[in-house]
Amino acid sequence: NAGVTQTPKFRILKIGQSMTLQCTQDMNHNYMYWYRQDPGMGLKLIYYSVGAGITDKGEVPNGYNVSRSTTEDFPLRLELAAPSQTSVYFCASSYGTVIGPDTQYFGPGTRLTVL
Amino acid sequence: DQQVKQNSPSLSVQEGRISILNCDYTNSMFDYFLWYKKYPAEGPTFLISISSIKDKNEDGRFTVFLNKSAKHLSLHIVPSQPGDSAVYFCAASLVTTGANSKLTFGKGITLSVRP
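Chains as they are written, first to last, in my numbering: chain L, 1 to 115; chain B, 1001 to 1115.
Treat the hints loosely; a few may be bogus.
[What the hints assert, rightly or not] Which chain B residues stay away from chain L? Per the calculated CB distances, all over 10 Å, these: (1) Pro1009; (2) Leu1011; (3) Asn1022; (4) Thr1045; (5) Ser1049; (6) Asn1067; (7) Gly1083.
[Said to hold, decoys possible] Ranges of calculated distance between the beta carbons of each label pair, as one might list FRET restraints: (8) L/Pro61 to B/Ser1069: 33 to 39 Å; (9) B/Phe1046 to L/Asn65: 39 to 45 Å; (10) B/His1072 to L/Lys57: 26 to 32 Å; (11) L/Asn65 to B/Lys1054: 26 to 32 Å; (12) L/Gly16 to B/Glu1015: 35 to 41 Å; (13) L/Asn65 to B/Tyr1039: 28 to 34 Å; (14) B/Ser1074 to L/Ala52: 38 to 44 Å; (15) B/Met1029 to L/Pro61: 20 to 26 Å.
I should point out that these hints are in silico values taken from the structure, not numbers from a laboratory.
Just so we're clear, the structure is a prediction, and the values are computed from it rather than from any experiment.
Virtual Cβ for every residue (Gly too), placed ideally from N, Cα, C.
Produce the complete structure using the sequences and hints provided.
What follows is the structure, given as structure tokens:
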């Protein structure tokens, strides 16, 4: 199993450009998440999905959009990129347990710079 | 308002000695606490968790202690090894309708284990 894969690994965008960060998991997990990590900070939840066709906002959703058309894929769309979106983006997935710790598995991250 | 706090940004210990990483939280409704480990250029990986109904959980060299009255948890690594050098994130899970999967992360502690 590849686990959670993310593409691209690195990207430089100009202000106002748009792009899609790809995320795929092969563990048949129900839940998927997008986080961003700014320097010296913890991970902040952008969006999450509890299953295909269902998404919801996290802590910092402004400037992003997501979709979940399949169980495996959860792309993150940046429209009108801004310097404040310079960050490392992590995708994660989990089975989605109701009781007990629901371990999240993370991808390797995408380092995005907006100039 | 930070609900999960890791107030010490870094810790350096000698190989073979104990590493103690601390974490404080403010929300008494958190029901699970997790530690994630992150190497540079990789995504976080799950290390160990503890339920709010326990005060200790052990897994090999790693032990997590929870003091609910003080809203404090700590991760003990004994003995510390150079390969343990990484950033350690404390995270807390809050039960929400349908799942307990949403995590709140601290800023992380950089552990350096000196040979």
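Each hint, compared with the structure:
{"no.": "1", "hint": "Pro1009", "in the structure": "violated (7 Å)"}
{"no.": "2", "hint": "Leu1011", "in the structure": "holds (15 Å)"}
{"no.": "3", "hint": "Asn1022", "in the structure": "holds (15 Å)"}
{"no.": "4", "hint": "Thr1045", "in the structure": "violated (7 Å)"}
{"no.": "5", "hint": "Ser1049", "in the structure": "violated (4 Å)"}
{"no.": "6", "hint": "Asn1067", "in the structure": "holds (19 Å)"}
{"no.": "7", "hint": "Gly1083", "in the structure": "holds (19 Å)"}
{"no.": "8", "hint": "L/Pro61 to B/Ser1069: 33 to 39 Å", "in the structure": "holds (35 Å)"}
{"no.": "9", "hint": "B/Phe1046 to L/Asn65: 39 to 45 Å", "in the structure": "violated (28 Å)"}
{"no.": "10", "hint": "B/His1072 to L/Lys57: 26 to 32 Å", "in the structure": "holds (30 Å)"}
{"no.": "11", "hint": "L/Asn65 to B/Lys1054: 26 to 32 Å", "in the structure": "violated (40 Å)"}
{"no.": "12", "hint": "L/Gly16 to B/Glu1015: 35 to 41 Å", "in the structure": "violated (50 Å)"}
{"no.": "13", "hint": "L/Asn65 to B/Tyr1039: 28 to 34 Å", "in the structure": "holds (30 Å)"}
{"no.": "14", "hint": "B/Ser1074 to L/Ala52: 38 to 44 Å", "in the structure": "holds (39 Å)"}
{"no.": "15", "hint": "B/Met1029 to L/Pro61: 20 to 26 Å", "in the structure": "holds (22 Å)"}
Of the numbered hints given earlier, the model fails hints 1, 4, 5, 9, 11 and 12; all others are met.
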